[in-house]
Amino acid sequence: RKEVEQDPGPFNVPEGATVAFNCTYSNSASQSFFWYRQDCRKEPKLLMSVYSSGNEDGRFTAQLNRASQYISLLIRDSKLSDSATYLCVPRGGGLELVFGQGTRLTINP
Amino acid sequence: EAGVAQSPRYKIIEKRQSVAFWCNPISGHATLYWYQQILGQGPKLLIQFQNNGVVDDSQLPKDRFSAERLKGVDSTLKIQPAKLEDSAVYLCASSRFLRTDSPLHFGNGTRLTVT
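Chain order of the listed sequences is U and D. Using this note's numbering, the letters of the first sequence correspond one by one to residues 1 to 109. Using this note's numbering, the letters of the second sequence correspond one by one to residues 1 to 115.
These aren't lab readings, by the way, just hints derived from the structure by calculation. Be a bit skeptical, because a hint or two may be false.
Going by beta-carbon spacing under 8 angstroms, a handful of chain U positions derived as facing chain D [claimed, not checked]:
#1 Asp39
#2 Pro44
#3 Leu46
#4 Tyr51
#5 Leu87
#6 Arg91
#7 Gly102
No residue lacks a Cβ here, since even glycine has one placed at the ideal position from N, Cα and C.
Just chain D, same shape as in the assembly:
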C-alpha cells in the first residue's frame, strides 16, 4: 500500500511571500488532516476533511491559511502571506474512517523556512 505523498519536501521563502503544499492520501482513505509541527512540539491540527467537506478548521489561521480538497482525494494547503512564525513542518495525514478507532498515517512532511 502506497503511503501518504507530500510535496515539496523543503521550501524556503521570504516573509510576505506565498507558498502551497500538496498532499495525496492513501488510496481509499476518506479523512485527510493537515498538521503544523513546530520544532520541539507535538503536531497541531490545522484542518480536517472528510471526503471534500471540512470537519474541523477551528485552529486554521484563516486570515492567511487556506486549504481545499475539491475532489475528495488530494489536497492543497496555502499560506498567503507567510510570516516568520509559520516556519515549521507541515504534515499531511489520512485515515480510512472518521471513527475513534481509525489511526492516522502521516506523510513525510514539508519543511518550511520563512526568512
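Bound-form chain U, shown alone:
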C-alpha cells in the first residue's frame, strides 16, 4: 500500500457545485495534515493545515478520520479559480512529509 493515496481524477464539476475528495494514509503515527494546491507549472501552495479533527476556511473544509486513516477536502460553491491539483500531505511522528500524487480538479463554466 502506498503511504499516501489520492484519487488522481480528473474531477470535472460545474461552477457553483460542491466537490469532495479523499486522501488515505498508511502511517498511523501521522499527527498533522496539510492540503496544498498546485496550479499548472507552479509550485505547491499551502491551502489548509489540519491538526485535530478538521478545519474550515471559507468555502474549504477538511475533515480527518483517524480511525479510518483518511482526510477529506470539501469545496463548496466552487469557482473557476479553484481549478488546480490538490495535494495531501500527512506529517508523521518522524517528521517526514510524504506527498500524495494529487487530485486534479477542473471547474467548468
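Put chain D on the given structure of chain U with help from the hints.
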C-alpha cells in the same frame, strides 16, 4: 516576508553533463528541503536539512546527486552526471521549525530538461 528563492528557473542540459541549483529559504527558517517532481506525480523528498545538518537523505541517489547547506542558510543541489530520467522540476521548500505542525513553503522551482 520574502518567499523561498530558487535559481535558475529553467535549465536544459545534455545527458552526462552536470548541473547545480540554488535555493535561499525564507529568513529564519531552520529546515530546508529539496524535492523532485516528475510530471503527473507528487513531489518526492530528496533531502532535508536542519540548519547545516542532514536530517534525511534516504531517497537521494547519492551516486549522482549531492546537496549542501554549509552555513545553514542557502543550499545547492548538484547532479553529476545527469540522466534522462532526471528531467523534472526541482522544488526547494523551507519551514520555520522541524516540528509536525510546521508547514512547508515552496519556491517556484527549477525545471530541468535532460536531452
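Okay, the hints, checked on the actual structure:
With 8 angstroms as the threshold, the beta carbon of aspartate 39(U) stays out of range of chain D, its nearest partner Cβ sitting at about 11 angstroms, so the hint is violated. Residue-level restraint check for proline 44(U) holds (minimum Cβ-Cβ distance to chain D is 5 angstroms; threshold 8 angstroms). Hint on leucine 46(U) holds. Least Cβ distance to chain D is approximately 5 angstroms, under the 8 angstroms limit. Taking 8 angstroms as the C-beta cut-off, the interface hint given for tyrosine 51(U) holds, the closest approach to chain D being about 6 angstroms.
Among the interface hints, the one on leucine 87(U) holds; its C-beta lies about 6 angstroms from the nearest C-beta in chain D, closer than the 8 angstroms criterion. With a least beta-carbon distance of about 5 angstroms to chain D, the hint placing arginine 91(U) at the interface is held under the 8 angstroms criterion. Residue-level restraint check for glycine 102(U) holds (minimum Cβ-Cβ distance to chain D is 5 angstroms; threshold 8 angstroms).
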